[in-house]
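In my numbering, each number is its position in the sequence shown, counted from 1, plus 81.
Hint data in this document are derived by calculation from the structure and do not stem from the laboratory.
Derived Cβ-Cβ restraints for the label pairs, each shown as a range: (1) E173 with F90: 43 to 53 angstroms; (2) G242 with R84: 35 to 45 angstroms; (3) D143 with F88: 49 to 59 angstroms; (4) K167 with L89: 43 to 53 angstroms; (5) E152 with W241: 22 to 32 angstroms; (6) H187 with V103: 26 to 36 angstroms.
Subject to a maximum C-alpha distance of 16 angstroms in a straight line, what follows is the list of computed EDC-like cross-link-like pairs (lysine to aspartate or glutamate): (7) K245 with D233; (8) K206 with E141; (9) K116 with D168.
We put the CB at the ideal spot given by N, CA and C, even for glycine.
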Amino acid sequence: MKRSLVFLFIAAQALFLIGLSVSYYMIDIFGETIKLETVPIDPQDVFYGDYLILDYEAEEIDGELWVGSEERIDYGEVVYVVLEKKDNGYHEVVKASDQKLTTEAHQSLLKATYDYHDDFSGEDKHRINLGFNRYYIEDNTGGKFEASGELDVTVAVAPWGQKKIVEVE
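Can you make the complete structure from the sequences, with help from the hints?
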């Protein structure tokens, strides 16, 4: 009896790890791709090597696009952002809220975390974190990305909410 429980426990762990790794690759098959504008910053870390910190335009939301509660939202709270593809090919924020939103067929819903509300500068802006702001690159290639200015980032978003960067150009 104990031996079969041990094997069952090991099999459950193996299935969990396989499912986790397969779900990452299933994003490419079932996920919807969105294209975002960003400005890269190229830091270097001794342990992680070169990577880009990506600052997306979609992470700064105008107050008129905020349809959520008017109450103060805490840092790190889950928010939802609806993106829509515009004529220029990029996806832009249509609305955002701290409550789950519904989308139309041509829109995408992203789950993000809330950073802060900037009402001190005279602009009514909400700042969020989309959760894919770090992109690892080959060593000593960051200058090329940083010199190019704005970058186009293609992100795949799975129906179950998982997201990943597919391409940076």
